[in-house]
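Put together the whole structure using the sequences plus the hints.
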Amino acid sequence: DAGITQSPRHKVTETGTPVTLRCHQTENHRYMYWYRQDPGHGLRLIHYSYGVKDTDKGEVSDGYSVSRSKTEDFLLTLESATSSQTSVYFCAIKDGWWAGGYEQYFGPGTRLTVT
Amino acid sequence: AQSVTQLDSQVPVFEEAPVELRCNYSSSVSVYLFWYVQYPNQGLQLLLKYLSGSTLVESINGFEAEFNKSQTSFHLRKPSVHISDTAEYFCAVSAGGTSYGKLTFGQGTILTVHP
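Order-wise, the sequence lines are chains A and B. When the count follows the working numbering, it moves up by one through the first sequence with no breaks and lands on 135 for the last residue. When the count follows the working numbering, it moves up by one through the second sequence with no breaks and lands on 799 for the last residue.
Some hints could be false.
Claimed, not checked - 30 Å max Cα-Cα, derived DSS-like pairs, lysine-lysine:
#1 73(A) <-> 786(B)
#2 786(B) <-> 90(A)
#3 786(B) <-> 733(B)
#4 786(B) <-> 77(A)
#5 31(A) <-> 786(B)
#6 90(A) <-> 31(A)
#7 31(A) <-> 77(A)
#8 31(A) <-> 73(A)
#9 77(A) <-> 90(A)
#10 733(B) <-> 753(B)
#11 73(A) <-> 90(A)
#12 77(A) <-> 733(B)
#13 753(B) <-> 786(B)
The set of hints was computed from the structure by calculation and includes no laboratory data. Values in this document were obtained by computation on a predicted structure and should not be read as measured data.
Next comes the structure, spelled out in structure tokens:
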């Protein structure tokens, strides 16, 4: 158990509304990631963070923003939700290289439906 | 940039039969390779990893994978599957160096074990 929680676990929202998903970790990991999972696409990286206030875009970042104001929380915001953003969202963490961290550990996921 | 191709989207097999899930990757740099498993309605769990050293890596529940650099493959095998192995399996690759540990996933292979 990597001490990762995601909230909410399920959410239904309407097109055009803003949505924020939260990832919380309790073990002071340096790196945090947001992925989305869609059938036939596996998981695709949305954004990632390599420290407090240090973030960068991933493969599918359009329509998403992130913030990391403290080590334990990484927020994903959909500024104006669209139906194409209906997906399951996973947060993941990884230690720094000096801590021997090569693999990522995943949270339980958030199922988001945009109607 | 890296890419991962899982050659089979679905693999049905009978209990106690052997199974192989195929994964090919492409990368211009040295990589770390991973297999993750996702049971229904759950998050991803790390199954096994290749970082360096012996090209054959094993998991605690009987799966093994072999890194083949010349064929750029990392196929997952189990000599005798159980009903409980029914799940979706994802191959993933991460480049070393300054890649921030970002993972690129394959599309996933659904393994269904029939009694």
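Evaluation of the provided hints:
1. A distance of roughly 18 Å separates the Cα atoms of residue 73(A) and residue 786(B); the hinted pair therefore holds under the 30 Å criterion.
2. Only pairs whose Cα atoms come within 30 Å are accepted, and residue 786(B) paired with residue 90(A) is accepted, the gap being roughly 21 Å.
3. Restraint check for residue 786(B) and residue 733(B): satisfied, since their Cα atoms lie roughly 15 Å apart, inside the 30 Å limit.
4. For the given pair, residue 786(B) sits about 11 Å from residue 77(A) by alpha-carbon distance, which is consistent with the 30 Å threshold.
5. Proposed proximity of residue 31(A) and residue 786(B) is supported: the alpha carbons are some 27 Å apart, at most 30 Å.
6. A hinted pair counts as satisfied when its Cα atoms are at most 30 Å apart, and residue 90(A) with residue 31(A) qualifies at roughly 24 Å.
7. Of the supplied pair hints, the one linking residue 31(A) and residue 77(A) holds, its CA atoms being roughly 24 Å apart against a limit of 30 Å.
8. For the suggested pair residue 31(A) and residue 73(A), the alpha carbons sit about 26 Å apart, so the restraint of at most 30 Å is met.
9. For a cut-off of 30 Å, the pair hint linking residue 77(A) to residue 90(A) stands: about 19 Å separates their Cα positions.
10. Of the pairs offered as hints, the one joining residue 733(B) and residue 753(B) holds, with about 15 Å between alpha carbons and a cut-off of 30 Å not exceeded.
11. Annotation: proposed proximity of residue 73(A) to residue 90(A) holds, straight-line Cα distance about 8 Å (limit 30 Å).
12. The hinted pair formed by residue 77(A) and residue 733(B) meets the criterion: a straight-line CA distance of about 25 Å does not exceed 30 Å.
13. As the CA atoms of residue 753(B) and residue 786(B) are separated by approximately 20 Å, the hinted pair is consistent with the 30 Å bound.
No hint from the list above goes unmet by this structure.
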